[in-house]
Amino acid sequence: MTDAPQDDLDFSALGTMPLPGELDDEALLANVLDAAAGDPGEIVALPPAQSTASAWVRPAVVALTLLAAAVVLAWALPSSVWTFETATDVESLAPDVHDDVDDDVVVPTPPPRATPQVEPPREVEASPEPAPEPEPDPAPRTKARVSPENQLRAAQDAFAAGDRRAALARYRQLVRQHPRSEQAHVAKVSIGRLELKAGHPKAALRSFDAYLDAKGGSMRREAAVGRIEALRALGRPNDERAAIEAFLRSHGDSAYAGRLERRLESLQ
Amino acid sequence: MSTDERTADVQLAQRAAAGERAAQAAVARRILSRVRRIARSLATSAADADDAAQQALLEVLRSCHSFRGDATLEQWAGRIANRAALRHLTRERKQQTASADEVPQHAAPPHPQLSDELPRDLRAYLHALPEAQRTAIVLHHAFGHSLDEVASMTEVSRNTVKGRLRLGVAALRKLVRREQRIGAPADDAEGSR
Numbered sequence: 001m002t003d004a005p006q007d008d009l010d011f012s013a014l015g016t017m018p019l020p021g022e023l024d025d026e027a028l029l030a031n032v033l034d035a036a037a038g039d040p041g042e043i044v045a046l047p048p049a050q051s052t053a054s055a056w057v058r059p060a061v062v063a064l065t066l067l068a069a070a071v072v073l074a075w076a077l078p079s080s081v082w083t084f085e086t087a088t089d090v091e092s093l094a095p096d097v098h099d100d101v102d103d104d105v106v107v108p109t110p111p112p113r114a115t116p117q118v119e120p121p122r123e124v125e126a127s128p129e130p131a132p133e134p135e136p137d138p139a140p141r142t143k144a145r146v147s148p149e150n151q152l153r154a155a156q157d158a159f160a161a162g163d164r165r166a167a168l169a170r171y172r173q174l175v176r177q178h179p180r181s182e183q184a185h186v187a188k189v190s191i192g193r194l195e196l197k198a199g200h201p202k203a204a205l206r207s208f209d210a211y212l213d214a215k216g217g218s219m220r221r222e223a224a225v226g227r228i229e230a231l232r233a234l235g236r237p238n239d240e241r242a243a244i245e246a247f248l249r250s251h252g253d254s255a256y257a258g259r260l261e262r263r264l265e266s267l268q
Numbered sequence: 001m002s003t004d005e006r007t008a009d010v011q012l013a014q015r016a017a018a019g020e021r022a023a024q025a026a027v028a029r030r031i032l033s034r035v036r037r038i039a040r041s042l043a044t045s046a047a048d049a050d051d052a053a054q055q056a057l058l059e060v061l062r063s064c065h066s067f068r069g070d071a072t073l074e075q076w077a078g079r080i081a082n083r084a085a086l087r088h089l090t091r092e093r094k095q096q097t098a099s100a101d102e103v104p105q106h107a108a109p110p111h112p113q114l115s116d117e118l119p120r121d122l123r124a125y126l127h128a129l130p131e132a133q134r135t136a137i138v139l140h141h142a143f144g145h146s147l148d149e150v151a152s153m154t155e156v157s158r159n160t161v162k163g164r165l166r167l168g169v170a171a172l173r174k175l176v177r178r179e180q181r182i183g184a185p186a187d188d189a190e191g192s193r
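So the sequence lines, in the order shown, correspond to chains A and B. Quick note: the first sequence, position 97, residue 97 per the working numbering, numbers continuous. Quick note: the second sequence, position 119, residue 119 per the working numbering, numbers continuous.
If you are wondering where the hints come from, they were derived from the structure by calculation, not from laboratory data. It is possible that part of the hints are untrue.
Stretch by stretch, here's where chain A covers chain B in the computed footprint (C-beta under 8 Å, at least three residues) [said to hold, decoys possible]:
#1 3-14
#2 69-77
#3 138-152
#4 161-174
The beta-carbon is built from N, C-alpha and C at its ideal position, and this holds for glycine as well.
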């Protein structure tokens, strides 16, 4: 039996007081529900983070393998060498495909004479599973882009798996590839928070500013508070004070207001 | 809890598992305050607490299909959420430790330590303890989990939990008393902040 620390240590109020800078309940709930909504039909048993990549990496691997075979054929190597060379190419290409998960999958343009006249190598045929989607047409410079919803989900999965670096990379990729999407807009706040957490307040400030400079968005309060935190971390008290005053003018009824007023007093 | 209430909870969880947003919101709201309390108690910053709470709630929503009504929704979800929050915070701390050398020096820390701004409450003392002791104390004394539950959540033996609680509480008392002896009286300290 453990001794209960009754008299002098009261744990009943532990964790009941909101922390300075934390999201209010509604914002936090909205984040959670949005993240859950990003998993339509799979929320019941969301597989680990590889699910997003596997759906489109596999066809890309198959396509690259076929192309490698075609290129080797087109270069008219002797048939006795052909099998060996092709296998070598496949092995050397495969890891590159996985490395490219963070960026566009760009399938190189095959030479014009690369029409394969023979069956593809055995390694390719051996795949027992049908591809989940039709194989990409090896047209010149085929770009396989992931939808903003899936990119957001991939970022959230990476974050859920504890890989902040990957999450940040995916959020950035989302902003880069779908800059006008709603998901990219929201991702800017996530990027700001991750940058702040990583000790990069300048980058965080840029991201929060980018969000706030655009009109609209349901995370404006959070972005504004993040901006204030970034200014504080950068040691810019005048800007921080101005940002707090602006926040209080616009969102005086916010849950953040109380502690920001205290912070403002300490700055004056 | 009546059978009707339990059945209603199972149905609610099933709807949440099927992706119905209103049901997910209802489940999340039921445990929100508990999840936030534990996240605040164990996290070292507001951002970490938010992230832990969000991960915990997501984990609950993703597990809703397995709710059978053997316990109340709050009890069942609370256990899942606590585990998820603990996992998240443990990972965060490992990453922070690993990347400590990469963090540039700033005039102020990127995430100000909360004890800088909060009144010196129990949370501040808890954060002076080793993480394992702090976690055991929070789960057992603040959230009422049994020794066996804490042992399961933290993946150590029951005896280890007992030892952590004993040492942690003793250290906590020592910290509080030392501050009371050498610091200003509690009322003055509160008033000065």
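Verification of the supplied hints:
no.: 1; hint: 3-14; result: violated (count 0)
no.: 2; hint: 69-77; result: violated (count 0)
no.: 3; hint: 138-152; result: holds (count 5)
no.: 4; hint: 161-174; result: holds (count 6)
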